[in-house]
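Just so you know, the sequences run in chain order U and Z.
The numbering used here applies: residue 1075 is where the first sequence begins, and numbers increase by one.
The numbering used here applies: residue 94 is where the second sequence begins, and numbers increase by one.
Hints were generated in silico from the structure; no laboratory data involved.
Among these hints, one or two may not hold up.
To be verified - Partner residues are not named here, just some residues of chain U that face chain Z (Cβ under 8 Å, in silico): (1) T1085; (2) R1292; (3) G1308; (4) V1309; (5) E1353; (6) R1405.
Stated by the list, open to error - Here are some chain U residues the structure puts well away from chain Z; computed CB gaps all over 12 Å: (7) F1130; (8) R1134; (9) Q1156; (10) F1185; (11) S1188; (12) V1211; (13) I1237; (14) V1311.
Unchecked claim - With a Cα cut of at most 25 Å, we get these calculated SDA-like pairs of lysine to any residue: (15) Z:K270 x U:N1310; (16) Z:K120 x U:L1223; (17) Z:K120 x U:M1316; (18) Z:K300 x Z:E268; (19) Z:K270 x Z:P166; (20) Z:K270 x U:V1311; (21) Z:K120 x U:R1312; (22) Z:K120 x U:T1218; (23) Z:K270 x Z:R188; (24) Z:K120 x U:R1217; (25) Z:K120 x U:V1211; (26) Z:K120 x U:V1222; (27) Z:K270 x Z:S333; (28) Z:K120 x U:I1095; (29) Z:K120 x U:T1210; (30) Z:K120 x U:E1315; (31) Z:K120 x U:L1376; (32) Z:K120 x U:A1226; (33) Z:K120 x U:P1224; (34) Z:K120 x U:E1301.
Think of the CB as a built atom: it goes at the ideal place given N, C-alpha and C, for glycine as much as any other residue.
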Amino acid sequence: MTATPMATPHTGARLARALVILTGILFVSIAIGLAVGSQHIDFASLATDALSNTLFFRLRLPRVLLGLVIGASLAVTGGALQALFRNPLADPYTLGVSGGGALGASIAIAFGWSARVGGVPLLFAASFAGAMLAVTVVRIISRTGATVLPGALLLSGIAVNLIAAAAVLTIEYLTDASSALRILRWLTGSLDVVGLAPIGRMMIVLAPAWVALLAFSRQLNLLAMDEDTAATLGVNVRRCEMIVHTLCALIVGVTVSVGGAIGFVGLIVPHVVRMMFGEDLRIVLPGSLLLGAAFLILADALARTALPSGELPVGAVTGLLGGPVFLWLLRRRQQYSAM
Amino acid sequence: MMSKAPFEIPANATTGLEARGLSFAYKRGTPVVNNVVNNVTLAARPGTMTALIGSNGSGKSTLIRMLAGLLQPQSGSILLGGVPFETWSARLRAREIAYVPQSTATAFPFPVLDIVLSGRTPHTLRFRLESAQDREIAMEALAAAGAAHLATRSFTSLSGGERQMVILARALAQEPKLLLLDEPSSSLDLTHRATLIRTLVRLRQTKRLGVIMVTHDLQLTGAFDQIVALRCGEVVATGSPDQVLRDEFLRDIYGDSNVRSQRAENQVFVWVDL
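Using the sequences and the hints given, assemble the complete structure.
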């Protein structure tokens, strides 16, 4: 073999390249997201035309930013969960974390918990609790002794998701039988938002959580290789798992309580980043943050313009794109040795 | 778990790794009720090679996993450089001890060089990436393990034996003072078994590397300083290869009266009459 491995770029060079390219993609997607929509906005007269101004600053811009925040959140947690469980099919949706979060959020709304603590809505806490409960249940069921069974992991995730969806449905019917739209929003996900304030409240929690999760990139990279080796290379495996679990539940909980359970973003995006820039989690996690944001903005732009009759929920678009990717990965999984 | 302040081990320390009265029983999920490892005491000094032998299920892997810090003994203690295991931070311990498991599978197709580079983790600061020097060390480790030609391959595409060589390279890149190996030769061909032993012998000479290796391949143990034989979780013989690899001991260790051994040209050949 003549290939010289020294010629492959260093991790630092690969990381820089990934960040530059993906930031470029993100800016393009933001431009597209701001430009398209069912309502025409006259960008030339944003300052003078009150209608265009309102449409842009109260609806279009918040919607694009919400897509950015939620897409980044779901993708980075997907990448982290795949590494943590050493399972390429793991993501917040397939593991039932989104479902648990949606259930927590709909309980909070049913009980009318609208208070805020330090600018952070209690709704976030309820959603986080639901997501944490889901990930804990899935983990307990799929772990036997020292190993996580990949089949049991995904099946228990699906079961948790189904239970949570049924519970959300029941709660919504008990509280308001005409709330079919709200149910759809929880279970499919949507980026409907008015004004920038809700996004600001999300970022109070999400920004530090993203940074904390990225700080575990190296440990997650070792865990993705093999748990025993991670331990013998100095990773405190139990502590790392607990922190990453909690951060993922927190990030997913907050995003779900605002945007509902948007599927498969966390599954597709990390895999695309891997295909572009390799397996190293120190690249995959920040890369997923950027590409996830771009992906959801574009998916929502598509959802807003695809049908002449009106807007689709963005979750329908990600589901239609992501479901087949999941099946393709499932088929391809046979080449992964661990399963 | 709290990380304790780092402390220096005196350069002239001869203690290495010491296990005192180690016992372990699996609680759930296995039918074993009795101790898998029972009251085992052993010492691995720097620059000495120890072979752990014994029949299947005699507790060798459980013992070496305790020594690697992957299992907590139910009783007994492990001292590293004279200091109890629990006092060491995981990271500092990882600079002292490397572990090569029986087999390794990754769920993702990591490049071989990345796997070997991960061995540098205990020597790199948390938010630093590997340096050019780390890459050189990784390439040298790959060469020492006889796996330089695999550097650009993906780990998942390798055979069991090739993986074993790559994992050995990672352990060497870790630059440990003590190397723990769990049946590393079982999936290696003849040439790579020889490469393995030659590399270990060379590192014993040049870097005073200590080695504890679980093996069924008794021919390889001729180069070792010490053999510890386990039976039903207990040490039944300790000594040099010349002392332990004798018919009477071997028949007891393996519980088989047909075991025979023969010495020739400084090597020991052991077989069972069929």
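Looking back at the hints listed earlier, which ones does the structure fail to meet?
6, 9, 14, 28 and 31
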